[in-house]
Amino acid sequence: NAGVTQTPKFRILKIGQSMTLQCAQDMNHNYMYWYRQDPGMGLKLIYYSVGAGITDKGEVPNGYNVSRSTTEDFPLRLELAAPSQTSVYFCASSLTAYEQYFGPGTRLTVT
Amino acid sequence: AQSVTQLDSQVPVFEEAPVELRCNYSSSVSVYLFWYVQYPNQGLQLLLKYLSGSTLVKGINGFEAEFNKSQTSFHLRKPSVHISDTAEYFCAVSPNTGGFKTIFGAGTRLFVKA
Numbered sequence: 088n089a090g091v092t093q094t095p096k097f098r099i100l101k102i103g104q105s106m107t108l109q110c111a112q113d114m115n116h117n118y119m120y121w122y123r124q125d126p127g128m129g130l131k132l133i134y135y136s137v138g139a140g141i142t143d144k145g146e147v148p149n150g151y152n153v154s155r156s157t158t159e160d161f162p163l164r165l166e167l168a169a170p171s172q173t174s175v176y177f178c179a180s181s182l183t184a185y186e187q188y189f190g191p192g193t194r195l196t197v198t
Numbered sequence: 012a013q014s015v016t017q018l019d020s021q022v023p024v025f026e027e028a029p030v031e032l033r034c035n036y037s038s039s040v041s042v043y044l045f046w047y048v049q050y051p052n053q054g055l056q057l058l059l060k061y062l063s064g065s066t067l068v069k070g071i072n073g074f075e076a077e078f079n080k081s082q083t084s085f086h087l088r089k090p091s092v093h094i095s096d097t098a099e100y101f102c103a104v105s106p107n108t109g110g111f112k113t114i115f116g117a118g119t120r121l122f123v124k125a
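Chain order of the listed sequences is A and B.
Numbered by my numbering, the letters in the first sequence go through residues 88 to 198 in order.
Numbered by my numbering, the letters in the second sequence go through residues 12 to 125 in order.
Mixed in with the good hints there might be a few duds.
Under 10 Å between C-beta atoms, here's a sample of chain A residues computed to sit facing chain B [to be verified]: (1) 91; (2) 95; (3) 124; (4) 129; (5) 130; (6) 135; (7) 146; (8) 151; (9) 178; (10) 179; (11) 186; (12) 189; (13) 192; (14) 194.
From chain B, some residues computed to sit far from chain A (all C-beta separations above 12 Å) [claimed, not checked]: (15) 29; (16) 49; (17) 55; (18) 67; (19) 72; (20) 95.
These are computed hints drawn from the structure, not numbers from a lab.
Even for Gly, the Cβ is constructed at its ideal location relative to N, Cα and C.
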C-alpha cells in the first residue's frame, strides 16, 4: 500500500512552459485534492474532486487545470508557467470529506 | 466562510518541557477541527481531529487538543516534548455541513532544543 504518490519530486520550468504534476492513490479514496504551499501561508486549495469525472475549483485555481478519469489518478496541469507558480505542490486524498492523506510533494521552480 | 489563525509562527522550547501551540478559528457554521504535522521535506500527516463528543481529543505521539467553542479555539498541547517533535504544525477547519474545502492555518514551526 503506497498511499499517495507524486511525481516528479522536483522540477524547474522556464516561464511559459507547461507541465503535468502526477498524483496517484491506491486506497480507493473518492476524494482527491491539490494544494500549493508557500512559506508562511499554509496550504491553499487549488482544485478538488469528489469522484471520477467530477472536479471543482478551490481557492486558487487560476493557471491550473485538472482531470479525473479514474479513481486512482488526479493530474494537475500547469499551462504557461509563471514565476508566481513557484511553490511546493501537495496532492491529498480522503475516504470521507475530512481526514486527508498527503503525498510527499513536488517542489516546482519557475524561472 | 471559515478562517484559521495560528497565533505563533515559531515556538522554540527545550526538550522535556511542555508546549502549547495556539489556534483560533472563525466560522458561521459548525466545524470539524484538525491538527496536522509536517516533518522536513515530507507531506502532512494527521495528528488528531475533533468531529464531535468530548472536547479533549488525544492524538498520536502524545499530543492532545482541546476544543473550546465559546473561545473558538483548538489549542494543541504536549506535556513533554522530544527532539523528534521538531516540525511544522498546521491547524485546519472544515464545515460540518459536508463541504470539501478544508482551510489551513499558516503553520507554527516547533523547534525543540537539547
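Each hint, compared with the structure:
no., hint, verdict
1, 91, "holds, 7 Å"
2, 95, "violated, 14 Å"
3, 124, "holds, 9 Å"
4, 129, "holds, 4 Å"
5, 130, "holds, 4 Å"
6, 135, "holds, 5 Å"
7, 146, "holds, 7 Å"
8, 151, "violated, 16 Å"
9, 178, "holds, 8 Å"
10, 179, "holds, 8 Å"
11, 186, "holds, 6 Å"
12, 189, "holds, 3 Å"
13, 192, "holds, 6 Å"
14, 194, "holds, 9 Å"
15, 29, "holds, 25 Å"
16, 49, "violated, 8 Å"
17, 55, "violated, 5 Å"
18, 67, "holds, 19 Å"
19, 72, "holds, 17 Å"
20, 95, "holds, 19 Å"
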